[in-house]
Amino acid sequence: MSDHDHSKCRSLLGSLSDYVDGTLGEELCEEIENHIVECQNCHVVIDTLRKTISLYHKTAADGGDVPGVVRERLFRTLNLDDFIRR
Amino acid sequence: MIEDKTEISVEALRAGDREEFSRLVDTYSGRIYRLAYKMLGVPTDAEDVLQNTFLKAFQHLKDFEGRSSLSTWLYRIASNEALMLLRKHHPEIILSDIVTEDDDNSDYFPVQFTDWCCLPEDKLLSSESQAALDRAVQHLPETQRIVFVLRDIEGLSIQETSQVLNLSETAVKTRLLRARLHLREELSIYYSERLEKRSKE
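Chains as they are written, first to last, in our numbering: chain A, 24 to 109; chain B, -1 to 199.
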């Protein structure tokens, strides 16, 4: 790791978001993939970046409901009392 | 990615149809509440944003021209409300990353290199871990936070996020990258500790 040239890691940093989203151009993709064969740190960064994003996706999946009392207060605030019963 | 499960009639809304408005509220309130909660981290604040968003939407329905989708429009109102409340609570906040928008990302260069992906899912998403995930979002600068919440939690595209926030796609991408890198660092510290604990068990 110590004799590793970090300028490559730095230059690729700006492309990582597009890379994990699958929207990066072919050429840069290839550059990243060649780089991470040799660079364990960048490999880990990409894996854990992907995992970070997917964990947040998962937390969103089970949090889309408004608590019942919050919904009720919302309907009253909006003068929609007569529509509280769905 | 933003899809409307039930078709809401903009015409009926503009004509003052209250039942249609209640359908609008039920269709979008879950997403608006989640966005507000992730932005502010406090349930009562999230409820304020939720109520203000629909009050404003109701007031301004007549100005809704349909140039953007209803969901984009509502997300825009909600994002503004959330940011306004944040600034009210923390007037000292400055839009720290606007100045450095064109810089390279050198401040964001990774320093944590532990691979914690091998942790089992029940550890990664335990209620304790979920609280840590939420806390990490709270540590993001607000301009990055709103981009991250819209894109990676609400699942909007880059283009939709840029429409909601009235930002260029380039600015959205820059903020998103920084937010993601920042969160990865913080989660790496958190999960490394979990890994260590696990190896001692």
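Incorrect hints may have been included.
Below, in silico cross-link-like pairs of lysine to aspartate or glutamate (EDC-like), each with a Cα-Cα straight-line distance of 20 angstroms or less [stated by the list, open to error]: (1) A/K81 x B/E119; (2) A/K81 x B/E184; (3) B/K54 x A/D104; (4) A/K81 x B/E17; (5) A/K81 x B/E126; (6) B/K121 x A/E95; (7) B/K54 x A/E95.
Chain A residues, not near chain B, derived (Cβ > 10 angstroms throughout) [unchecked claim]: (8) G45; (9) E49; (10) E53; (11) E56; (12) L72; (13) Y79; (14) K81; (15) G87; (16) T100.
No lab work stands behind these hints: they were computed from the structure. Think of the CB as a built atom: it goes at the ideal place given N, C-alpha and C, for glycine as much as any other residue.
| message | Could you work out which of the previously given hints the structure breaks and list their numbers from low to high? | response | Per hint list: 4, 6, 12, 13, 14, 15 and 16 violated.
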